[in-house]
Amino acid sequence: MTILEKLKKISHKEPGIRHFCIQTIRFKKFLENARGLLDLFDDGSEKVLGEYIFDRHYVVSLIDSVVERLGMMVYDACVLVPKSGEGLYAAYDEHKFTAGNLINANGSGKSGSIALDTSGSLEPEYQLLSDVLQWFNGKDTPDEPTVMGFMKQIFLSVIQFDAIGGLEAMDVVKTRTRALLGNSGVAASDMGIYLVDLWKDAQALPKEKRSINDFNSIPLKHLLMDISGIDAKDRLNRMNKGINWVAAVSEYQLSLNSLKPDFQFRLETLASGYEQSDFIFIFADKSAILDKILPAGFHIESTDYGQFAWNLDMSAKNIEDSLMIIGRSLLS
Amino acid sequence: MSGQPLRIMVIDDENIVGKRLKPALEKTGDIVETFMEGETALARFEQEPFDIVVTDIRMEKIDGIEILEQILATSQRTKVIIITGYATVEIAREALSKGAFDFIAKPFKPADLRAIIERASKELRS
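As you go down the protein sequences, you meet chains R and G in turn. First residue of the first sequence? That's 1 in our numbering, and the numbers climb one at a time after it. First residue of the second sequence? That's 1001 in our numbering, and the numbers climb one at a time after it.
So that you can see chain G by itself, here it is in the shape it has in the complex:
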């Protein structure tokens, strides 16, 4: 898939995250879809898998861990990156043990997330 744009899904119940991440990640030509609810995002994933899923860990209906499990159950090749808040490093570790590719703590710079996505992209291509 070298040269092909990545398909990236962003899930966060805080509107500002998707709103700011989408243009930042699209700058490099990748295709980005944003969701504020886990259920809608999973339904979309069922229709069409994504290369990379970036999801917040704390959301009301379905949390990031559940999303991680369902995504990997559907598509093992998908790289899931977890967004954590301040005091959720322990949960992030749990996510890693369950197969998450990496995690990033809020607040973060889009460039920091981009660096993780590039690592994930290399693994997808190898």
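In isolation and in its complexed conformation, chain R is listed as follows:
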């Protein structure tokens, strides 16, 4: 029996599962847009160093792109957490206003906190770009909120809700699945993971039963790669612990969610083989020792609510190795 065959699939007839899939897919879009914003910031930061030749049009395009991406992120957040909409859109309007002011300020140095160069002057395009980067990731204050600060606010809105509402949804998944498995006489998974086909189960409700072999997920295989050698005793222990994870998968995607009430952990990854888009994102409890779970190279940020960790632009080898290490840490 292969490691994938040890996992148990969830019935795709359950409306709760479809809702779970839709939320997971939307969360992926949310992460994509957050990543797009970080890429824009990186691009601007590279250009402002002085090596590049750019014009005002570039900076204005950058501002427009930031506003557009930020709006998409807010929209995603509102789909995930409808009640957050009013507050987030109000804050978003303020950022649109700031963006308009930056463009209209004509690079004349709106923010007095930006240092001038030694000659005492910056070219208007560089000044404008500096102002934009300051708006993006300068000092976050109530009077001058930054894009990065707003992104964190959006993240927390989504994650906090997800930890409550999302877990409730997964509880539905868990309960119903247990009933289904019980009715069909299938024993609990010895890996403690339930599988959901992200696209098939979200988009359609096919009546026919699908085989476990239908689940072909590259990142899930990577995650489980290093734990196939677990001995029988450990497997028995794991069985006694019950079902601890839900893994929503597609060929290149994996969304792994902890079901343990005392251990919040969410892993999102795309392993398509295209380095510019592949990533691993993790949200975990403050108590989780991410240094021990994650390999080197991850950016880890702690908040009052929990820890965010991510690694972007990952090569296929890096994703494979990282998931293998994470899988061993989490599941062994």
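In case anyone wonders, no lab produced these hints; they're calculated from the structure. Quick reminder that beta carbons are idealized off the backbone N, C-alpha and C, glycines included. There could be a bad hint or two in this list.
[What the hints assert, rightly or not] Residues of chain R placed beyond 10 angstroms of chain G at every Cβ, according to the derived structure:
#1 L156
#2 D226
#3 Y305
#4 A309
[To be verified] Here are some chain G residues pointing at chain R (derived, C-beta under 8 angstroms):
#5 E1014
#6 I1016
#7 R1020
#8 L1021
#9 F1108
Given the coordinates of chain R, work out where chain G should sit on it, guided by the hints.
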């Protein structure tokens, strides 16, 4: 003309482009003149042809395509390099089909433009 400095004309209505390109291209000993208006640049070209013309594609009065056509009508040996913005790759293709030597998209590093100029220079010398 091996060993001779190249005469390079830079045309861009954004002041920062000429201001930054001029010292960067002059480092290798070439002669660089910058212009913010196509009309002035073409008038100068009539007086004295240049080996290489680097021109922005989007300008208010005369755009880069028109400059390209007029330059090549005056001097077929001149190599014209087009500077494009973000979403103007299609226009850049049009420029190539009309005889532009190459194009470069903003933002760019002077070293990237220098590499194109060196290729153009080799063709001029061959």
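Task: Satisfaction of the G:I1016 interface hint, Cβ to chain R closer than 8 angstroms - done: For G:I1016, the interface hint holds, since the closest Cβ of chain R sits about 5 angstroms away, which is under 8 angstroms.
- [ ] Report holds or violated for the interface hint on G:E1014, using the least CB-CB distance to chain R and a cut-off of 8 angstroms.
- [x] Where the cut-off is 8 angstroms and the nearest Cβ of chain R is about 4 angstroms from G:E1014, the hint holds.
TODO: Run the C-beta distances from R:D226 to all of chain G and say if the shortest one exceeds 10 angstroms.
DONE: holds (43 angstroms)
Open item on the list: According to the definition I'm using, a residue is off the interface if its beta carbon is farther than 10 angstroms from all beta carbons of the partner; does R:Y305 meet that for chain G?
Closed with: holds (38 angstroms)
Task: 10 angstroms Cβ clearance of R:A309 from chain G - done: holds (31 angstroms)
Open item on the list: A closest beta-carbon separation below 8 angstroms is what the hint needs, so does G:R1020 meet it against chain R?
Closed with: holds (5 angstroms)
- [ ] Double-check G:L1021 for me: the hint is only fine if its C-beta lies closer than 8 angstroms to a C-beta in chain R.
- [x] holds (6 angstroms)
- [ ] May I ask you to test the interface hint for G:F1108 with respect to chain R, counting a Cβ-Cβ separation under 8 angstroms as satisfied?
- [x] Because about 6 angstroms separates G:F1108 from the closest Cβ in chain R, which is inside the 8 angstroms limit, the hint holds.
TODO: Verify that the Cβ of R:L156 lies farther than 10 angstroms from every Cβ atom of chain G, and report whether the claim holds or is violated.
DONE: It holds; R:L156 is separated from chain G by about 33 angstroms at its closest Cβ, greater than 10 angstroms.
Consistency with the previously given hints is maintained throughout, with no hint failing.
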